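J.: One letter stands for each residue in the lines below.
Protein chains: 2
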Amino acid sequence: MSETRATQLENALREAGVRVTRQRAALLRIIAASEDHPDAAELHARAERAGAGVSLATVYRTLTTLQAQGVIEKLEFQDQPARWEAADQHHHDHMIDVETGAVVEFTSDRIERLQAEIAAEMGYEIVHHRLELYVRRAR
Amino acid sequence: MSETRATQLENALREAGVRVTRQRAALLRIIAASEDHPDAAELHARAERAGAGVSLATVYRTLTTLQAQGVIEKLEFQDQPARWEAADQHHHDHMIDVETGAVVEFTSDRIERLQAEIAAEMGYEIVHHRLELYVRRAR
DNA sequence: TTGCGTGCAAATTTTTTGCAAGCAC
DNA sequence: GTGCTTGCAAAAAATTTGCACGCAA
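Which chain is which? The protein sequence lines are P and V, in order. Numbering of the first sequence is given in the numbering used here, commencing with residue 50 and proceeding in unit increments. Numbering of the second sequence is given in the numbering used here, commencing with residue 50 and proceeding in unit increments.
One copy or two, it doesn't matter: identical chains are merged, so the pair holds either way.
Within a straight-line C-alpha distance of at most 25 Å, the following computed SDA-like cross-link-like pairs (lysine to any residue) qualify: (1) Lys123 - Asp158; (2) Lys123 - Glu148; (3) Lys123 - Gln72; (4) Lys123 - His177; (5) Lys123 - Glu154; (6) Lys123 - Val153; (7) Lys123 - Gly66; (8) Lys123 - Thr107; (9) Lys123 - Ala106; (10) Lys123 - Val147; (11) Lys123 - Arg68.
Keep in mind that the hints were calculated from the coordinates and are not lab data. None of the values given here were measured: they were computed from a predicted structure.
Please model the entire structure based on the sequences and the hints provided.
T.: Below you can see the structure in the form of C-alpha cells.
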C-alpha cells in the first residue's frame, strides 16, 4: 500500500468531512510538488498550465480550507503577497536573501526552546510563531 | 539644551535633507507619543483628533519617508494592515496575544546570537529579522 | 524662488464575497 | 438528492499614484 502523499492527504480530507473536488485535488498535487513557496496567482498559473481549470477565487478559497485542515501553511514575507507551502512533517523557519529573493528553510531547537522560555516567563504559552531572517551573502 | 524627542528628530530629518512639513511634524509627534502600534488609518484618525489636517495619502507617504530615514519601523502582524512604531533605542521583538490582540515587546540576546550563528553557518549575514510569538495566557 | 510635498480622486494590488449553477458523496 | 463548491463578476481592504497647487528652506 504505497500511496502518494497527495492521495494520503485526500483521504485525510475526506475523513475530516472536506469534499475532495477536482480543483482541490489539483491544487493539493501542485502544492505537494512545489519546491518553492508560490503565491495564489502563481498557483493559479500552475493549475492553468497543468490543464486544471481552477478560478482564482477558488484558489483563494481552497488555500483557506487547506490551511484550516492543517495541510498547508501561509507565509507572509515582508511587503509581498502571501505565499504557501505544504505543512511538512517538521516545522521550520525561513531565511530570505534580500538580494536574490531566494528562500532557505532552517530549524533551530535552541531558538524554539528559548522562545517557549521567554513566553513562559511572561505567563504565556506559544500558539505559533514566525521567524524570518532577511539576509545577504557574507562577503 | 533640552529638546523633546520629536524636535531632535525634526532636526535630524532636516539635516538629512528631508523637509519638515506641518504634516510630517504632526505625525512624528503622534508616533513618538504612541505607546501602542497604530496602523495608517489609526494615525490618520489621531492626526485628525489632534487638529492636524493630514490626508490619508500623506500619512502613507510620510510613513514610507520616515521609515527610509530609520525613524520609524513597520510591523506586519499576521493578517493585519501594517502597524508602525518609533524606531527606539533598543531593538525588540513582539509577542501577540491571539485572544486579546495585546502586543508585548521583548528582547533576547541569546536568540539574536543564535540567529546570527545560524545565518553565518549558511554563509549569510543578517540584514534584519522578524520574530513574532503568537501566544495565549498560560492556564 | 524652487522644487519637494500635499490633497484629491482615481488606480492598483491582493483578497473576499454574493449568487446561480455544478458536482461530490 | 442534498448542500457544499465553484465560477464570475463585483466588492472590499490596503496602499499607491497622477496632477495641479502649496509651502519649506
